[in-house]
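4 protein chains.
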Amino acid sequence: MFYEIIKPRVGETDALGYINNTVIPQWFECARNPLFKLMSPDSNLDLREWNLTLAKMTVDFQMPLQFGYDVEIKTFISRVGNSSMDVYQEAWQHNQLHATGTAVMVHLDFKSRKSLPIPDSVKQKMHIHFSSPN
Amino acid sequence: MFYEIIKPRVGETDALGYINNTVIPQWFECARNPLFKLMSPDSNLDLREWNLTLAKMTVDFQMPLQFGYDVEIKTFISRVGNSSMDVYQEAWQHNQLHATGTAVMVHLDFKSRKSLPIPDSVKQKMHIHFSSPN
Amino acid sequence: MFYEIIKPRVGETDALGYINNTVIPQWFECARNPLFKLMSPDSNLDLREWNLTLAKMTVDFQMPLQFGYDVEIKTFISRVGNSSMDVYQEAWQHNQLHATGTAVMVHLDFKSRKSLPIPDSVKQKMHIHFSSPN
Amino acid sequence: MFYEIIKPRVGETDALGYINNTVIPQWFECARNPLFKLMSPDSNLDLREWNLTLAKMTVDFQMPLQFGYDVEIKTFISRVGNSSMDVYQEAWQHNQLHATGTAVMVHLDFKSRKSLPIPDSVKQKMHIHFSSPN
Numbered sequence: 001m002f003y004e005i006i007k008p009r010v011g012e013t014d015a016l017g018y019i020n021n022t023v024i025p026q027w028f029e030c031a032r033n034p035l036f037k038l039m040s041p042d043s044n045l046d047l048r049e050w051n052l053t054l055a056k057m058t059v060d061f062q063m064p065l066q067f068g069y070d071v072e073i074k075t076f077i078s079r080v081g082n083s084s085m086d087v088y089q090e091a092w093q094h095n096q097l098h099a100t101g102t103a104v105m106v107h108l109d110f111k112s113r114k115s116l117p118i119p120d121s122v123k124q125k126m127h128i129h130f131s132s133p134n
Numbered sequence: 001m002f003y004e005i006i007k008p009r010v011g012e013t014d015a016l017g018y019i020n021n022t023v024i025p026q027w028f029e030c031a032r033n034p035l036f037k038l039m040s041p042d043s044n045l046d047l048r049e050w051n052l053t054l055a056k057m058t059v060d061f062q063m064p065l066q067f068g069y070d071v072e073i074k075t076f077i078s079r080v081g082n083s084s085m086d087v088y089q090e091a092w093q094h095n096q097l098h099a100t101g102t103a104v105m106v107h108l109d110f111k112s113r114k115s116l117p118i119p120d121s122v123k124q125k126m127h128i129h130f131s132s133p134n
Numbered sequence: 001m002f003y004e005i006i007k008p009r010v011g012e013t014d015a016l017g018y019i020n021n022t023v024i025p026q027w028f029e030c031a032r033n034p035l036f037k038l039m040s041p042d043s044n045l046d047l048r049e050w051n052l053t054l055a056k057m058t059v060d061f062q063m064p065l066q067f068g069y070d071v072e073i074k075t076f077i078s079r080v081g082n083s084s085m086d087v088y089q090e091a092w093q094h095n096q097l098h099a100t101g102t103a104v105m106v107h108l109d110f111k112s113r114k115s116l117p118i119p120d121s122v123k124q125k126m127h128i129h130f131s132s133p134n
Numbered sequence: 001m002f003y004e005i006i007k008p009r010v011g012e013t014d015a016l017g018y019i020n021n022t023v024i025p026q027w028f029e030c031a032r033n034p035l036f037k038l039m040s041p042d043s044n045l046d047l048r049e050w051n052l053t054l055a056k057m058t059v060d061f062q063m064p065l066q067f068g069y070d071v072e073i074k075t076f077i078s079r080v081g082n083s084s085m086d087v088y089q090e091a092w093q094h095n096q097l098h099a100t101g102t103a104v105m106v107h108l109d110f111k112s113r114k115s116l117p118i119p120d121s122v123k124q125k126m127h128i129h130f131s132s133p134n
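Protein chains in written order, with this note's numbering: chain A, 1 to 134; chain B, 1 to 134; chain C, 1 to 134; chain D, 1 to 134.
Note that these hints are calculated values from the structure, not bench results.
On a predicted model such as this, the values are computed, not experimentally measured, just so you know.
Careful: at least some of the hints might be erroneous.
Identical copies go unnamed one by one, so any copy, or any two together, can satisfy a pair.
[As the list claims (entries may be wrong)] No more than 25 Å apart at the CA atoms, straight line, and that leaves these computed lysine-lysine pairs for BS3-like:
1) Lys111 - Lys37
2) Lys37 - Lys125
3) Lys74 - Lys111
4) Lys7 - Lys125
5) Lys7 - Lys114
6) Lys114 - Lys74
7) Lys74 - Lys7
8) Lys37 - Lys114
9) Lys125 - Lys56
10) Lys125 - Lys114
11) Lys56 - Lys74
12) Lys7 - Lys37
Go ahead and model the full structure; you've got the sequences and the hints to work with.
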């Protein structure tokens, strides 16, 4: 599991009084950063050498998130395929689950934009972050 | 169908050179505004009387969207249930489909936050925006 | 003058009930796009050949902007120097001025990032957009 | 001084390769949160009781900020008037100053939206955060 703490910003709320729905994908994106490091240990997070692309994203909104309290984002790898993987994420506040999401990410060559198999060495390192969503 | 034109902003691109993935849900949200008008014809888009909530959202990214060219958002109602509905949306650029999404929206009382049946009068008006995704 | 219409998004409001202050710079940035076209008529808004950089920005908030109503952004060139210029902008809603801002922009070579004189041919074209803020 | 660490998000970069200029006001807003706590010690950051409003904001961009490295935001109170104050902020990365800004904030009654004197008890607490920009 990867773990990230988010401090909500005033501008991330909306006039309905809670965190706007479109903000959750931004927090989840932020919490997936360690995956890029795992995928390219030597790249130093250089976005020009980014080799993971988002093919699909799903978010389920269980409860509205509040301003003024930290949000915990828990990130798991829930499936590893040949060249793609599923990343399952949870947003927690006040020790309650508020939103969940799944991102389907594809490994690709950053120059040709063609999909590439995920190397076995990376798959092994992914193991400790593995979890199936309940 | 509801139709919206979006002019991408520099700040909506990211260092990979295209529109950032987390921006598409913001454009789709914007293009769903007419639904609220349909749901509460007299509310004048007052967010304190907002009576639709997003329960789930899915986005499929087919091709990266570019800065410098208008994006067309097409919004369809693809399912109407008792108190919820599916809104299917497409983002087009250069006459090519770049991203699609589905939002599951629930009709609720804006004070009690309890789900409410969608009135028949509204269902009838929804008819002309109805379409099943291919 | 350059003229742009903005349709506020739900996610651009905040829990205080109006458009969040940090959104105005995003709208102003969007309304400055035609300046890049003026500066490099052949570049087709390619961000890799962007040759104007923001050195300083000031925003004055007179009245809070509302969701549900179009916002008009008026953009003027208020000063042209050797390699820099001031861009003065206004945000109007309901025919009332709500916010103003000034952006100091520097013309530079997009490869070396060194400042460059603004060509006389461009200065001449800027003339019709010229106006001093009152 | 108030101190905040920001972890840049991919979506906060733009196609020019660095953090987009319009993001800095969002980070500065986030770093001003402790001021609201100072102003209303009992309000628990409830946005409906928010009693500080932004009248004016200035940002100077010295160097473009990078993705992949933490940003430190330092927040000082640089002037306290009768009902308003200036908040001076700095964004640091790699121990170098990258951007500075000043926010003019007005103390007001959150119901009537009329300006209110800043109480002496609050002014005293502000003392330890006081600093004049160099």
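Flag every earlier hint the structure violates by its number, smallest first.
The structure conflicts with hints 3, 5, 6, although it agrees with all the remaining ones.
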